[in-house]
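Protein chains in written order, with our numbering: chain A, 1 to 189; chain B, 1 to 507.
To be clear, the hints were calculated from the coordinates, so they are not data collected in a lab.
A few of these clues could be false.
Here are the simulated distance ranges between beta carbons [said to hold, decoys possible]:
{"id": "1", "chain 1": "B", "residue 1": "V233", "chain 2": "A", "residue 2": "L14", "range": "47 to 57 Å"}
{"id": "2", "chain 1": "A", "residue 1": "S139", "chain 2": "B", "residue 2": "P433", "range": "52 to 62 Å"}
{"id": "3", "chain 1": "B", "residue 1": "S122", "chain 2": "A", "residue 2": "G185", "range": "55 to 65 Å"}
{"id": "4", "chain 1": "A", "residue 1": "E99", "chain 2": "B", "residue 2": "D11", "range": "21 to 31 Å"}
{"id": "5", "chain 1": "B", "residue 1": "G38", "chain 2": "A", "residue 2": "G185", "range": "35 to 45 Å"}
{"id": "6", "chain 1": "B", "residue 1": "D60", "chain 2": "A", "residue 2": "P41", "range": "17 to 27 Å"}
{"id": "7", "chain 1": "B", "residue 1": "D60", "chain 2": "A", "residue 2": "H98", "range": "19 to 29 Å"}
{"id": "8", "chain 1": "B", "residue 1": "S314", "chain 2": "A", "residue 2": "H98", "range": "52 to 62 Å"}
Covered stretches of chain A (in silico footprint by chain B; criterion: 3 or more residues with CB under 8 Å from a CB of chain B, positions within the stretch not fixed) [said to hold, decoys possible]:
{"id": "9", "stretch": "40-54"}
{"id": "10", "stretch": "60-73"}
{"id": "11", "stretch": "106-120"}
{"id": "12", "stretch": "133-146"}
{"id": "13", "stretch": "164-171"}
Note that beta-carbon positions come from the ideal geometry of N, C-alpha and C, so glycine has one too.
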Amino acid sequence: MVKLPLRISRRRLLRSGLALGTFVIAGSGLAFLRTRGYVVPPERAASLTSLSAWQWVFVTHAARRIAAPDRPADSSIPTPDDVDVAGFIDDYVGRMPHELRRDLFRAFAYVEHVAPLRRGYLSRFSRLPKDDQDEVLTSLATSEQELLRGAFEGIKSLVFMGYYRDARTWKILGYDGPFVGRPVGGWTR
Amino acid sequence: MIVRGRELLVDPSIDVDAVVVGTGAGGSIALRELARAGLRAVALEEGAFLGPRDFTQREDEMIPRLFQDMGGRMTEDLGIRILQGRGVGGSTVHNTNLCKRTPDRILDRWASEYHVSGASPSAMAPRFAQIESDLSVEPMPSEWQNGNNAVLRRGAAVLGWRGGPLAHNRIGCQQSGFCELGCAYDAKQNALKVILPEAIRAGADVYADVEATRILVTKGRVVGVAAVARDAVGRPRSEVTVRAPVVVLAGSAIGSAALALRSGLPDPYDQLGRGLRLHPGAVVAGRFDRAIDAAQGIPQSYECTEWLSFERNSDKRVWIVPAFAHPIGTAAALPGFGGAHMAAMRDYNRLAVLSAMVHDETSGRVAVTREGRPVIRYAMEDGDRGQLAQGLVASARILLAAGAREVTIPGVFPVRATREAELAKIGPSLARPHAVPLTAVHPMGTLRMGDDPRRSVVSSQGEHHQVRGLFVADGSLFPTSIGVPPQISIYAFALHLAPGFVAAARG
């Protein structure tokens, strides 16, 4: 059993408890507010198996920047929405081991809610303009803190897996795709 | 017979002469030798049983099925990604068929410095020869070198550096270029295709989707293994108990150590899980004006050994080989994101990529979380970082010598060069911690062999120093890195140690 040091008076203990309680309530309130207001189309909301509403919105926005086209005016380049990167990630995350999934969700929360604050933005990542989103992502990719870089790399890897899995994107690369199941005329016709 | 976890409807209790944990290079040989000796033997494999029809050549489908943690296994500090196999056949299913023996100087060093007895080059030579025969190992003909390998050969030749063709275990290869996603053409002569079927024909059983959770020990003697059988999506289905007087661990340097730690095995000299080597590497990409088509053809058929020497205290500890990936792997490896990243991806067919892998002296450690999952601790030492920087610069020189317009060393701040003179400015700081993304595919050590129990976990015969009947037959045996791909060494050491665990199982 842990003995409290005798120097801590009852008054000090009460004050500390009050401060801690205020902190927890404020933190919970902030967390509550920051996870409200996410809008997911009803048909999508009904099909999500792993991601919550805010996570789906975040992943959708992160994918749009990470897999942004090099030629924005070129309509032949599939967008991350076209190939449903967020839907892929929803399914993929559901098959992850529990601990990996937990770490990934923490990374989502950090990038959506904390990383913008550290760059001086009061908005969530998903509500920032594109350029500001890019700035936040760049700050993570080049961070001196390896955990933050690791968080970025993990999200980047998932997004690119969701994007480049789709045969429509292979034309960009000149990649012929698998031989197994290849349609007559090839994947990228 | 192969039994899947989902087929185990009740909690089975199995009584056999020996149980093998893991079905990769070491586990398959252990199982085969036990069965051929007329013993009742089973193997437990935590991953699935997949065959050529399951190998779709799609990264998004195969990476999560063939690799630990769905391909996301990392060291604790997130500094190194570890690609490690999972499933019947282990890493032999996804590897690129590289067959190299343990270098003689490494075997000599193990004898003189780590008190490993009975594994001299002359003692091991027949074991290697047997395995090479079993797996139909042959040197790759030069006409099978794809564009990426030809770049390595040409660049090394221009520089006058040592290199040569690699030997592989493949028959009927279609040169599709999808080796790392499992062979859809069943051309790999590996544990899955060759050794495990031999074991099964000799009477052994393999339980897939059955994860060993604990080694059972009573009064200093192993008595079996507790395991959990899972269904097709990984949900626990039943508790499995295998009772056996001999247990052979062959779940890899990470998996076997984690199981041993979870089981609370005696460890009076704090050796369990120590001595982890990863043979880590990083890549350099060269952009050419012409098509290289590196994704097509056999991925790795040529090596450069100019910077690799197994002499003691050598300052050349880097092995250079081609390394290329399909789009998802390439996209993850290329630096940056967004439009600039897609612009770089447009050069996909004009990229050649080389990997510099360090014959490492860093000693890491495997621990476990409260839930029993492995934690991989590995902080690369300065000497190895210097070697890595040297290897990356050497790889860049090869690419430029072969005609690359520009080379890129991916990293937090990527390094680019168009002329060899620019590379001269690059120093060891290139490979400072977390500066370049590292990947490891050859974990070794953690349950090291040797006759001195103060410096090893198992004896030179592979038996645990404190637990009778518990043997090890995988890469965790190795006291040091071997500096080359370990599959042949693991197969051969399992064969070498087999007489010991066969005799123990006979009682």
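Checked hints:
One distance hint, 47 to 57 Å for the beta-carbon pair B/V233 and A/L14, holds here, with the actual separation near 51 Å. Taking the beta carbon of each, A/S139 and B/P433 are about 19 Å apart, not inside 52 to 62 Å as hinted. A hinted range of 55 to 65 Å holds for the C-beta pair B/S122 and A/G185, which are about 58 Å apart. Taking the beta carbon of each, A/E99 and B/D11 are about 26 Å apart, inside 21 to 31 Å as hinted.
Hint check: B/G38 to A/G185, Cβ distance near 56 Å, so the stated range 35 to 45 Å is violated. The hinted range of 17 to 27 Å is satisfied by B/D60 and A/P41, whose Cβ atoms lie roughly 24 Å apart. Under the hint 19 to 29 Å, the C-beta atoms of B/D60 and A/H98, about 21 Å apart, fit the expected range. Take B/S314 and A/H98: their Cβ atoms lie about 44 Å apart, and the range 52 to 62 Å is violated.
Using a Cβ-Cβ cut-off of 8 Å, 0 residues of the stretch 40-54 of chain A lie near chain B, which falls short of the minimum of three, so the contact claim is violated. Here's how the stretch 60-73 of chain A fares: 8 of its residues keep a CB closer than 8 Å to some CB of chain B, so the rule of at least three is met and the hint holds. Requiring three or more residues with a Cβ within less than 8 Å of a Cβ of chain B, the coverage given for the stretch 106-120 of chain A is violated, as only 0 such residues are present. With 5 residues having a beta carbon nearer than 8 Å to a beta carbon of chain B, the stretch 133-146 of chain A meets the requirement of three or more and the stated coverage holds.
Residue count for the stretch 164-171 of chain A with a Cβ under 8 Å from a Cβ of chain B: 4. That meets the three needed, and the coverage hint holds.
Of the numbered hints given earlier, the model fails hints 2, 5, 8, 9, 11; all others are met.
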